[in-house]
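2 protein chains.
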Amino acid sequence: FAFVGSGSYAADPLPSWNDTATKAAIIDFVERVTREGSAGFVPPAERIATFDNDGTLWSEQPMYFQLAFAFDRVKAMAPQHPEWKDQQPFKGVLESDTKAVLAGGKKSLLEIVAATHSGMTSEDFERIVADWISTAKHPQTGRLYKDMVYQPMLELLAYLRANGFKTFIVSGGGIEFMRPWTEATYGIPPEQVVGSSVKTRFELRDGKPVIVRLPEIDFIDDKEGKPVGINSHVGRRPIFAAGNSDGDWQMLQYATIGRSPSFALIVHHTDDQREWAYDRDSHIGQLDQALDDATRQGWTVVDMKQDWKRIYPAQ
Amino acid sequence: FAFVGSGSYAADPLPSWNDTATKAAIIDFVERVTREGSAGFVPPAERIATFDNDGTLWSEQPMYFQLAFAFDRVKAMAPQHPEWKDQQPFKGVLESDTKAVLAGGKKSLLEIVAATHSGMTSEDFERIVADWISTAKHPQTGRLYKDMVYQPMLELLAYLRANGFKTFIVSGGGIEFMRPWTEATYGIPPEQVVGSSVKTRFELRDGKPVIVRLPEIDFIDDKEGKPVGINSHVGRRPIFAAGNSDGDWQMLQYATIGRSPSFALIVHHTDDQREWAYDRDSHIGQLDQALDDATRQGWTVVDMKQDWKRIYPAQ
Ligand SMILES: [Ca+2]
Ligand SMILES: [Ca+2]
Chain A
1 FAFVGSGSYA ADPLPSWNDT ATKAAIIDFV ERVTREGSAG FVPPAERIAT
51 FDNDGTLWSE QPMYFQLAFA FDRVKAMAPQ HPEWKDQQPF KGVLESDTKA
101 VLAGGKKSLL EIVAATHSGM TSEDFERIVA DWISTAKHPQ TGRLYKDMVY
151 QPMLELLAYL RANGFKTFIV SGGGIEFMRP WTEATYGIPP EQVVGSSVKT
201 RFELRDGKPV IVRLPEIDFI DDKEGKPVGI NSHVGRRPIF AAGNSDGDWQ
251 MLQYATIGRS PSFALIVHHT DDQREWAYDR DSHIGQLDQA LDDATRQGWT
301 VVDMKQDWKR IYPAQ
Chain B
1 FAFVGSGSYA ADPLPSWNDT ATKAAIIDFV ERVTREGSAG FVPPAERIAT
51 FDNDGTLWSE QPMYFQLAFA FDRVKAMAPQ HPEWKDQQPF KGVLESDTKA
101 VLAGGKKSLL EIVAATHSGM TSEDFERIVA DWISTAKHPQ TGRLYKDMVY
151 QPMLELLAYL RANGFKTFIV SGGGIEFMRP WTEATYGIPP EQVVGSSVKT
201 RFELRDGKPV IVRLPEIDFI DDKEGKPVGI NSHVGRRPIF AAGNSDGDWQ
251 MLQYATIGRS PSFALIVHHT DDQREWAYDR DSHIGQLDQA LDDATRQGWT
301 VVDMKQDWKR IYPAQ
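So the sequences go chain by chain: A and B.
Be aware that the first sequence starts at 1, since it is given in the working numbering, and climbs by one per residue.
Be aware that the second sequence starts at 1, since it is given in the working numbering, and climbs by one per residue.
To be clear, the hints were calculated from the coordinates, so they are not data collected in a lab.
Mixed in with the good hints there might be a few duds.
Pairs count within a copy or across copies, as identical chains cannot be separated in the list.
[Stated by the list, open to error] Taking lysine-lysine and the BS3-like style, the derived pairs with C-alpha atoms no more than 27 Å apart in a straight line are:
| hint | residue 1 | residue 2 |
| --- | --- | --- |
| 1 | 137 | 91 |
| 2 | 199 | 223 |
| 3 | 106 | 199 |
| 4 | 208 | 223 |
| 5 | 223 | 166 |
| 6 | 75 | 91 |
| 7 | 223 | 309 |
| 8 | 91 | 107 |
| 9 | 199 | 107 |
| 10 | 208 | 166 |
| 11 | 106 | 166 |
| 12 | 309 | 106 |
| 13 | 106 | 91 |
Take these sequences, add in the hints, and give me the full structure.
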């Protein structure tokens with residue numbers, strides 16, 4: 001007999017989590033901060049939870065999905081840029097020669113981002129992203145990228161919200177790349193999405209108000225940038241933070257050090273059968289210092305292989 | 001017989017507003033966007049309302065209250081800065097010689113802001129602001145500054161929220177100057193406050209995570225900056241925006257032009273008995289181009305003297 005939707009009294013709020021210590025720790029924390037009159041009680045307004053996106057809420061291999069989006073944009077825009085077929089890094093993208101693209105390092109990637117992520121209005125960019133996310137598929141799984149979100153994490157987000165938490169995304173990914181689809185996918189509205197951004201400018205274009213995306217980075221929401229982004233957009237320290245890489249290390253410190261009750265979760269990619277397995281030596285989602293720190297800080301590490309009953313939602 | 005708290009069915013949701021065309025226009029708009037099945041219906045998630053603060057939600061004469069805060073901070077910090085008694089603009093502040101302070105123009109004000117608004121952690125600054133706002137009084141009215149908020153606007157904020165709107169502040173004032181008190185005063189939590197900001201840095205100080213406020217402007221949330229700030233923090237265009245000066249002009253354009261239904265409100269300071277009267281020639285809260293534009297755009301102009309039954313809350 002399940003009391004569906006009744007928050008902490010639901011029979012099993014996290015059905016896709018195995019009954020391991022990880023699941024028990026999450027439920028224990030949530031029950032503690034929501035029990036009125038207890039020492040650990042936290043008022044609803046302060047129940048801020050922040051989640052990294054890539055590798056924490058959805059997959060990120062063999063490359064960040066936003067990079068796949070950028071590559072697809074280069075291909076879509078190529079007819080308007082005949083010069084690209086002879087010009088790296090665009091040539092490499094058009095010839096699906098990822099090695100040639102990556103050979104140019106960060107500079108090449110920034111060129112691709114500038115060419116594909118700026119010059120248009122925010123509204124136009126929103127439409128472009130919305131079209132892509134509703135159709136683009138991962139080359140290995142054949143799933144829509146947006147269906148490569150983690151079912152256990154969707155349940156965790158819903159469980160926290162049912163218990164009065166306000167859930168935020170705090171990602172190194174583009175803030176305007178995420179906002180068009182995070183509400184439908186994660187139940188997180190645009191105003192609760194924090195990410196990296198380009199500079200923008202307001203103007204009246206033919207009398208119509210628009211926000212123009214400029215080819216210049218404004219803010220990188222990664223590493224030390226994550227607490228800065230949280231302070232700017234949320235204005236409160238989270239009491240719950242989840243990440244999967246060293247890019248989240250400072251956010252986890254910010255949420256937990258000297259702070260009780262608080263909770264930090266690290267999604268450790270240990271399942272090379274159902275997803276991918278990588279950590280200390282990965283060029284994407286490197287998890288090294290934060291993993292070393294987890295024991296010392298009392299952070300909870302999700303072992304995907306052991307702790308998760310399933311990875312992706314049923315299709 | 002009043003149906004208290006029942007949203008649009010309350011007997012009079014705006015009791016401090018006189019029964020003028022202004023009040024009728026507000027209520028008509030809210031009823032239109034919330035009537036399910038009607039052509040003007042707007043889903044709750046898109047009911048974003050943005051409010052300027054100085055001169056729109058609270059008074060701003062004879063100087064912005066945040067400047068009064070900065071001057072009070074100079075006085076409080078003076079014992080640690082003996083050099084200030086011979087050095088403008090600090091000398092002027094310490095001698096209450098506002099003319100000497102203002103003679104230095106914008107550069108002087110930025111010096112004062114840097115000296116009083118940076119160098120500390122965000123948490124320390126929050127405490128400083130919270131202490132000030134709970135005790136500092138306006139020299140002319142003798143009221144606490146935080147009690148010089150407009151009762152009719154408090155009712156408007158509550159009325160909008162009761163009808164599914166999410167209310168935001170979008171102010172030229174400092175984001176971290178407002179956040180410590182906007183929730184108690186306006187019912188607007190920190191994560192719904194957008195404002196000007198200084199650059200910040202995350203660090204572990206003696207092992208404790210802190211956000212340090214740096215003496216460098218990061219973002220000016222005024223004029224063209226307001227739509228940019230809204231796009232960054234909210235990620236949706238508002239359908240309701242309220243301001244009082246040309247600093248809000250672009251925000252009002254952004255919310256309304258080419259957009260139906262939408263609503264823009266300008267608070268026109270016309271009451272030199274109960275508050276202040278100023279507009280086109282004022283050095284604070286100058287209202288000129290936006291006022292000219294109001295008729296053309298169909299924006300609603302509040303005549304404080306005529307439209308408001310009372311100005312401040314009962315004490
Ligand atoms: Ca990540
Ligand atoms: Ca104003």
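To see whether the hints hold, each was checked on the structure:
1. For a Cα distance limit of 27 Å, the shortest separation of residue 137 from residue 91 inside one copy, 22 Å, qualifies, whereas the shortest one across copies, 66 Å, does not.
2. Both within a single protomer and between protomers do residue 199 and residue 223 lie at most 27 Å apart by alpha-carbon distance, with minima of 20 Å and 16 Å respectively.
3. Proximity of residue 106 and residue 199 under a CA criterion of 27 Å is satisfied in both settings, with 19 Å inside one chain copy and 25 Å between copies.
4. With identical chains, the CA atoms of residue 208 and residue 223 are at most 27 Å apart between copies only, with a shortest distance of 16 Å across copies and 38 Å within one.
5. Proximity of residue 223 to residue 166 under the C-alpha cut-off of 27 Å is restricted to the intra-copy arrangement: shortest distance 22 Å within a copy versus 31 Å between copies.
6. Within a single copy, residue 75 and residue 91 get their C-alpha atoms as close as 10 Å, which meets the 27 Å cut-off; across copies the closest is 63 Å, which misses it.
7. For the homomeric pair residue 223 and residue 309, neither the shortest alpha-carbon distance inside one copy (30 Å) nor that between copies (52 Å) is at most 27 Å.
8. Taking the shortest Cα distances, residue 91 and residue 107 sit within 27 Å of each other inside one copy (15 Å), while across copies they are farther apart (50 Å).
9. Proximity of residue 199 to residue 107 under the C-alpha cut-off of 27 Å is found in both arrangements, the shortest distances being 18 Å within a copy and 25 Å between copies.
10. For the identical chains of this complex, residue 208 and residue 166 are inter-copy neighbours only, at 24 Å across copies versus 34 Å inside a copy, given an alpha-carbon limit of 27 Å.
11. In this assembly of identical chains, residue 106 and residue 166 lie within 27 Å of each other by CA distance neither inside one copy nor across copies; the values are 35 Å within and 39 Å between.
12. Taking the shortest alpha-carbon separations for residue 309 and residue 106, neither the intra-copy value of 37 Å nor the inter-copy value of 61 Å comes in at or below 27 Å.
13. In the homo-oligomer, the alpha carbons of residue 106 and residue 91 lie at most 27 Å apart inside one protomer (16 Å), although the nearest pairing across protomers, at 50 Å, exceeds that limit.
When each numbered hint is compared with the structure, violations occur for hints 7, 11 and 12.
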